[in-house]
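J.: Listed below, chain by chain, are the residues.
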Amino acid sequence: MPQTTTQEPLIALNGVGKWYGAYHALKNVNMTVRKGEKIVLCGPSGSGKSTLIRCINHLEEIQEGKITVEGTTLTDSARAIDAVRREVGMVFQSFNLFPHKTIMENCTLAPMRVKGLTKAEAETIARKYLERVRIVDQADKYPAQLSGGQQQRAAIARALCMEPKAMLFDEPTSALDPEMVKEVLDTMIGLARDGMTMICVTHEMGFARQVADRVVFMASGEIIEEGPPETFFRNPQHERTRTFLGEILAHH
Amino acid sequence: MPQTTTQEPLIALNGVGKWYGAYHALKNVNMTVRKGEKIVLCGPSGSGKSTLIRCINHLEEIQEGKITVEGTTLTDSARAIDAVRREVGMVFQSFNLFPHKTIMENCTLAPMRVKGLTKAEAETIARKYLERVRIVDQADKYPAQLSGGQQQRAAIARALCMEPKAMLFDEPTSALDPEMVKEVLDTMIGLARDGMTMICVTHEMGFARQVADRVVFMASGEIIEEGPPETFFRNPQHERTRTFLGEILAHH
Amino acid sequence: MASIGFNELFFLAQGLKWTLALTLIGFVGGGIFGLLVALARTAEMAWLRRVTAGYIAIFQGTPLLMQLFVVYYGVALVGLNIDAWLAVAIAFTLHASAYLGEIWRGGIQAVPKGQTEAAKALGLHYASTIKDVILPQAFKISLPATIGFLVQLIKGTSLAAIVGFVELSRAGQIVSNQTFRPLTVFALVGLAYFLICWPLSLWGARTERRLQTAAR
Amino acid sequence: MSYTLDFSAVIERLPELLLASLATIGLALAGMSLATVIGVLGVIARRSRFKLLRGLVIGFVEAIRNTPFLVQIFFIFFALPQIGVRLNPTVTAIIALALNGGAYAIEIIRGGVDAIPKGQVEAGLALGLHRGQIFRHIILKPALRTVYPSLTSQFVMLTLTTSVCTSIAAYELTSVAQKIEADTFRSFEVYFTITLIYLVISSLMMGVFGLISRISFSYPVK
Amino acid sequence: ASVADAKAKGKVVIGIQGDNAPWGFVNSSGVQDGLDADIGKAFADYLGVKPEFVPLAVANRIPALMTGKVDVLFATMGMTAERAKTIQYSKPYAGNVLSVYGPKDKKIAGYDDLTGMSVGVPKSSAMDTAITAGAGSKANILRFDDDAANIQALLSGQVEAVGGNQFYGDRLNAAAPDKYTSKFDLTILYNGAGTRPGEKDWNETVNAFIDKIKADGELAKIYAKWMKREVPKFPEELPNIPFTVK
Ligand SMILES: Nc1ncnc2c1ncn2[C@@H]1O[C@H](COP(=O)(O)OP(=O)(O)OP(=O)(O)O)[C@@H](O)[C@H]1O
Ligand SMILES: Nc1ncnc2c1ncn2[C@@H]1O[C@H](COP(=O)(O)OP(=O)(O)OP(=O)(O)O)[C@@H](O)[C@H]1O
Ligand SMILES: [Mg+2]
Ligand SMILES: [Mg+2]
Chain A
3 MPQTTTQEPL
13 IALNGVGKWY
23 GAYHALKNVN
33 MTVRKGEKIV
43 LCGPSGSGKS
53 TLIRCINHLE
63 EIQEGKITVE
73 GTTLTDSARA
83 IDAVRREVGM
93 VFQSFNLFPH
103 KTIMENCTLA
113 PMRVKGLTKA
123 EAETIARKYL
133 ERVRIVDQAD
143 KYPAQLSGGQ
153 QQRAAIARAL
163 CMEPKAMLFD
173 EPTSALDPEM
183 VKEVLDTMIG
193 LARDGMTMIC
203 VTHEMGFARQ
213 VADRVVFMAS
223 GEIIEEGPPE
233 TFFRNPQHER
243 TRTFLGEILA
253 HH
Chain B
3 MPQTTTQEPL
13 IALNGVGKWY
23 GAYHALKNVN
33 MTVRKGEKIV
43 LCGPSGSGKS
53 TLIRCINHLE
63 EIQEGKITVE
73 GTTLTDSARA
83 IDAVRREVGM
93 VFQSFNLFPH
103 KTIMENCTLA
113 PMRVKGLTKA
123 EAETIARKYL
133 ERVRIVDQAD
143 KYPAQLSGGQ
153 QQRAAIARAL
163 CMEPKAMLFD
173 EPTSALDPEM
183 VKEVLDTMIG
193 LARDGMTMIC
203 VTHEMGFARQ
213 VADRVVFMAS
223 GEIIEEGPPE
233 TFFRNPQHER
243 TRTFLGEILA
253 HH
Chain C
-10 MASIGFNELF
0 FLAQGLKWTL
10 ALTLIGFVGG
20 GIFGLLVALA
30 RTAEMAWLRR
40 VTAGYIAIFQ
50 GTPLLMQLFV
60 VYYGVALVGL
70 NIDAWLAVAI
80 AFTLHASAYL
90 GEIWRGGIQA
100 VPKGQTEAAK
110 ALGLHYASTI
120 KDVILPQAFK
130 ISLPATIGFL
140 VQLIKGTSLA
150 AIVGFVELSR
160 AGQIVSNQTF
170 RPLTVFALVG
180 LAYFLICWPL
190 SLWGARTERR
200 LQTAAR
Chain D
40 MSYTLDFSAV
50 IERLPELLLA
60 SLATIGLALA
70 GMSLATVIGV
80 LGVIARRSRF
90 KLLRGLVIGF
100 VEAIRNTPFL
110 VQIFFIFFAL
120 PQIGVRLNPT
130 VTAIIALALN
140 GGAYAIEIIR
150 GGVDAIPKGQ
160 VEAGLALGLH
170 RGQIFRHIIL
180 KPALRTVYPS
190 LTSQFVMLTL
200 TTSVCTSIAA
210 YELTSVAQKI
220 EADTFRSFEV
230 YFTITLIYLV
240 ISSLMMGVFG
250 LISRISFSYP
260 VK
Chain E
13 ASVADAKAKG
23 KVVIGIQGDN
33 APWGFVNSSG
43 VQDGLDADIG
53 KAFADYLGVK
63 PEFVPLAVAN
73 RIPALMTGKV
83 DVLFATMGMT
93 AERAKTIQYS
103 KPYAGNVLSV
113 YGPKDKKIAG
123 YDDLTGMSVG
133 VPKSSAMDTA
143 ITAGAGSKAN
153 ILRFDDDAAN
163 IQALLSGQVE
173 AVGGNQFYGD
183 RLNAAAPDKY
193 TSKFDLTILY
203 NGAGTRPGEK
213 DWNETVNAFI
223 DKIKADGELA
233 KIYAKWMKRE
243 VPKFPEELPN
253 IPFTVK
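Going down the list, the protein sequences come from chains A, B, C, D and E. Residue numbering for the first sequence follows our numbering, beginning at 3 and increasing consecutively. Residue numbering for the second sequence follows our numbering, beginning at 3 and increasing consecutively. Residue numbering for the third sequence follows our numbering, beginning at -10 and increasing consecutively. Residue numbering for the fourth sequence follows our numbering, beginning at 40 and increasing consecutively. Residue numbering for the fifth sequence follows our numbering, beginning at 13 and increasing consecutively.
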């Protein structure tokens, strides 16, 4: 059920190249994400999916090409990096909640320190997004006291509290027990419905079918093919995509 | 494709009760596994699946009931424990290979120390089983140098080297990348075909359909229902089973 | 008043020899008994763990100087006249085994529980589990801390002066009292300690780095 | 040997010993607090962009860790006056303890900082926090919690090390004990007594450390 | 061990100080030397046995005696009534002229002038005892481990005056010519040999030996060699310090 999307490009990658030492991790990657668009990124392990989205908010530096987020070109300058990080939120596979802070404190830290909000303002916002992911009753607990699914939803809320224009997800459900996957996916589906721009690395093909505007398939650091989910799943163009989909869907 | 099984019971649990402190983790569990039988154990997180199979080789003590393996009743006596552990091999979710030993050394350690084999004898056996799981060419590497799938196959080979009568698997594929799941499942299917008695905790329903003689469903420390895979999946008797299967199969 | 000449340097070197000998005693005695302490501290028997905890608390909670004193003179009070060598051997062993035992306990407990379980599941016995599976890994984990303690032990051997050993520090004190140049003498003594300890520290740091990269 | 222990002389002067124990505890507390500060600042300096600063910290740590405390305290007390810095024994003792403990604290805390999962820093970065903010709000507390046991046992060692301060005539337990020993020649009684006092002090410290840990690091971890 | 034991074994074990020149010390060749060492040798000769020296520190000389690790102490032990409650002193065999040393230009004529000053002494020494008795409540007394540290403290300005023995003058002069001088003398403190309380045989033997070397001029010879002065006149008795086992 793809959403209608506006035409302005929010995130644009042009000829992006990335090396880890001598290892060529991203090869001439081009990609445009418009406001409200939902992209699912998939591909075999080591294909560069994480690297790609980590480059978008400069957790990794790129050596070639250009990344632009909302008109800001991501250079090494601290200002550009700050501007971009304020616009994109990120959710990690392993949640990375701060263990020594309550869920509420996890959510208010960045708004207070980065945006300079008062504690009260930050908590109002936090409560709104914790409500949104339906764990507002857990606000005063510490991460370790929550189930995996609740932790991941808290991580999503934490990112949302910065009110970003886009969200990056890196395998947000793959560290979860099977039963908890659903609650996180539901949260993400809700976000998608609300029009959030999203790039999501995942192997949850059901999710891709349901919300993705485009599925992008990567292998060996390159984008091999992309397309709307129906075409992508029903009729993949490349041999590599076909074997991959075969393996992924085989044992389900 | 269930195998024909002989009628002798290899593993029998009678009214097994297990407490962690005040927490009642297993409640009156009864189960019989005949030679050559393959059991898939499933159920929600925390339902006691791991606890159950860990009790079978006395990684956990039970407080109630009786566990018998090949006629030996599992008491706290060191002899009974030794006898049972020699008969059942175990494969863990996180492989638990010994990181400071090569794959070959991982495989020969127990046969040498426990069965008193010479190094040469132990290596012959090890080579046979490494061949069986198709990683004999990795024998001289250290665990960290192998992929997850290879590590798990090495762990299976290590257990097989003790030539056990039965194998216990605790979510052997859930720590693996999607693409590596298949190679481990294939290995397990091969083992099943060769007539190995197996109890396997897994959520890989494809595997369950393909090899299980019986699927056992647990919740809250109890066995809720069991039956051959077709009946179990097509027509679960209990509400709890139905919701569980619903969640598990929903997003695939 | 003498100046610091060859004789004095030679005298200091003699002291250095004793320092090294005492260090060796501490390392060997502490190593062997430290291992027992670590094993007792991680044993399944609760009473054994508690007794060892008390042992560690006592020897980590009192100055080494007093331990030496009590072992050498205190024991003689009750009629046991032991040799000075035996006294330092016992005192250093007690002292070092408490610290090393605690360090290695940490190492043993840092080995993932799955390792013990895998060993048990394979039917390995306690001795083999400890020797083949746990200790090699625990040793690796605690190597940096072990080396750090050994460096402290080298410096701690200076306290053996109380039972009559003229090791490096005491030799320095004696020379200083003859030459009345405490600053120069103690600078020399400090340098000597540095030259013994530093290579060990460097090696410890290097191993730590190597282990960290290997763990990634 | 027909020596009979006679504690009467020691008991008579117990008030002196107890007063000196307070001085020992005071030295230790001052030393530890400053050592912690040095430890944290040292770790920050070790992570700085400036190579020279990093080098200085490494040099400091190595020099302290590989030489005896006695040499360090002698140096501060007797050599610094030659460049015009004259500190009284108590101040000297506190500074020496702080520098010594600080060098160890730097190494220990650094270990804790290194053990913080990379993901924590990345999560901070992704939220737009700066390096300093990440260190202060995200890294420091969990790092201290991780190394708390090593840090506190180092501090117990520091407490016992205060006894060496007697060699620059600082007022503390051992120096008073030695004075009493010299006056009365009741060596055994004096040394047994202060061994016990040290044990009590270090046990008390461990107790307090435990309490602090329960108050400051009480967040649950898996 | 008794005197008879020592004679039978042909060896007497003598404790001296290891780092207190010129009384008892270990020289650069690692051999014990000094006044106490020479007296110890004479004592062994007197017994007709070989001496075995144990160099001790201030902190362990009493334990070494009490636990029988040495037979007798010639270890620069100033005789005080309080100490005499614990060990058995012999008759005195040496005397310390103890003085306060300070800068030439400073007026220090008596204990009262030490008021408010920091004064260094070697810990547990006779000077420590004397100055503590005389000015303990007025001066800030800093107790250093040994003479070397004590003198260094004065030289580096960490203390304004020190309590020292008759050799401090030379040492201070060598280190800082013409800067320091002896200010006023403290009471003379006598050194006696120490034996275990109640052991009559050792006490009597040592006293007999001291009487002998006093009489035959051997003490004077040793005294001249190390102390560079005449043997002082020794008192017949000291209050509350018995020279013999009662
Ligand atoms: N810090 C690094 N240094 C060196 N190589 C790296 C680093 N991070 C990643 N790589 C390599 O870059 C390649 C791409 O890694 P990346 O993590 O982006 O893959 P991925 O598609 O996210 O895989 P997965 O599905 O396993 O998460 C891999 O071969 C990986 O080994
Ligand atoms: N060592 C332990 N101490 C206390 N409680 C425990 C312990 N091990 C397990 N439990 C509890 O026992 C229950 C059953 O745990 P078990 O690990 O057997 O569940 P499981 O079915 O294997 O779950 P999962 O699918 O998450 O592995 C859980 O509630 C768990 O919290
Ligand atoms: Mg990835
Ligand atoms: Mg489990």
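No wet-lab data here; the hints were simulated from the structure. Treat the hints with caution; some may be incorrect.
What the hints assert, rightly or not - DSBU-like mimics (lysine-lysine), calculated; alpha carbons at most 30 Å apart, straight line:
{"#": "1", "chain 1": "D", "residue 1": "Lys157", "chain 2": "A", "residue 2": "Lys121"}
{"#": "2", "chain 1": "B", "residue 1": "Lys167", "chain 2": "C", "residue 2": "Lys120"}
{"#": "3", "chain 1": "A", "residue 1": "Lys103", "chain 2": "A", "residue 2": "Lys68"}
J.: For which of the previously enumerated hints does the structure constitute a violation, in increasing order of number?
T.: Number 3 - this is the single hint that the structure violates.
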